[in-house]
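J.: Sequence:
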Amino acid sequence: MNLPKPLIGARFLRRLNRFAILVRLQNGKTTVAHLPNSGRLNEVLKSGNRFWLVRLKSEKRRTDFDAVLAQDGRTLVSVDARLPPKLLLEGVELGIVSELGKIVALKKEVPINSHRLDLKLVNDASQVWWVETKSVTLVIDGIAMFPDALTLRGQEHLKLLAELARKGENASVVFVVQRNDAKLFAPNELADQKFAQILREVANLGVKVFAYKCQITLNSLKISERIPVRFNFP
10 MNLPKPLIGA RFLRRLNRFA ILVRLQNGKT TVAHLPNSGR LNEVLKSGNR FWLVRLKSEK
70 RRTDFDAVLA QDGRTLVSVD ARLPPKLLLE GVELGIVSEL GKIVALKKEV PINSHRLDLK
130 LVNDASQVWW VETKSVTLVI DGIAMFPDAL TLRGQEHLKL LAELARKGEN ASVVFVVQRN
190 DAKLFAPNEL ADQKFAQILR EVANLGVKVF AYKCQITLNS LKISERIPVR FNFP
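In the working numbering, the protein residues as written are 10 to 243.
These are computed hints drawn from the structure, not numbers from a lab. The reader is advised that the hints may include incorrect statements.
Said to hold, decoys possible - DSS-like cross-link-like pairs, simulated, lysine-lysine; straight-line CA separation at most 30 Å:
| hint | residue 1 | residue 2 |
| --- | --- | --- |
| 1 | K117 | K231 |
| 2 | K69 | K14 |
| 3 | K203 | K55 |
| 4 | K217 | K168 |
| 5 | K203 | K192 |
| 6 | K117 | K55 |
| 7 | K192 | K217 |
| 8 | K129 | K116 |
| 9 | K176 | K55 |
| 10 | K69 | K111 |
| 11 | K203 | K95 |
As the structure is a prediction and not an experimental result, all values here were calculated from the model.
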């Protein structure tokens, strides 16, 4: 997908709350930007770190900017946790993601058992897939990890997928690594041991676990390739 234009460079100052950061623009002015990601993001939320914003001025908004990208060392990172479903669908259309088949029908944000799953897909083989995507930004020594903080909601999503798999439905959790330096994916035991345990359990019950990394520039972002999943790490 193409990233919004123009991107505006800024420097991170501090996090104000889960969804707002204080930044300094290139003209020296400070402003508040919406951060569309509730994760800890310790790898990029460092004083003075480079960010790229897009201006989205509206009377309905509390801020004039959205955070789009950040830098982790030499690596660009997409910080928008809303993008993985869209990135996955684009990956299917481009033929990069083949595991789900060719999609002929889809529903988004599907309510089920007091929760919502990102996608319900029907492919050209008439298979129905229930899919939950997760945004991954943390990579250490080539290992992408999720979550970066305790996620009770994420645990519930996995349990819901397991229920569907037990009924014979096709169910999948897809970890979209929004950066290009990951070599493999592993659940983050240190951040949420229970999530890691449940992920292993649901995989044994038939839930398909996929991970993909992204190619990212200041102009575009897309899924580039599938990476291995390691359930027990280290």
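J.: If you test the structure against every hint from before, which numbers come out violated?
T.: Violated hints: 6, 9, 10; rest satisfied.
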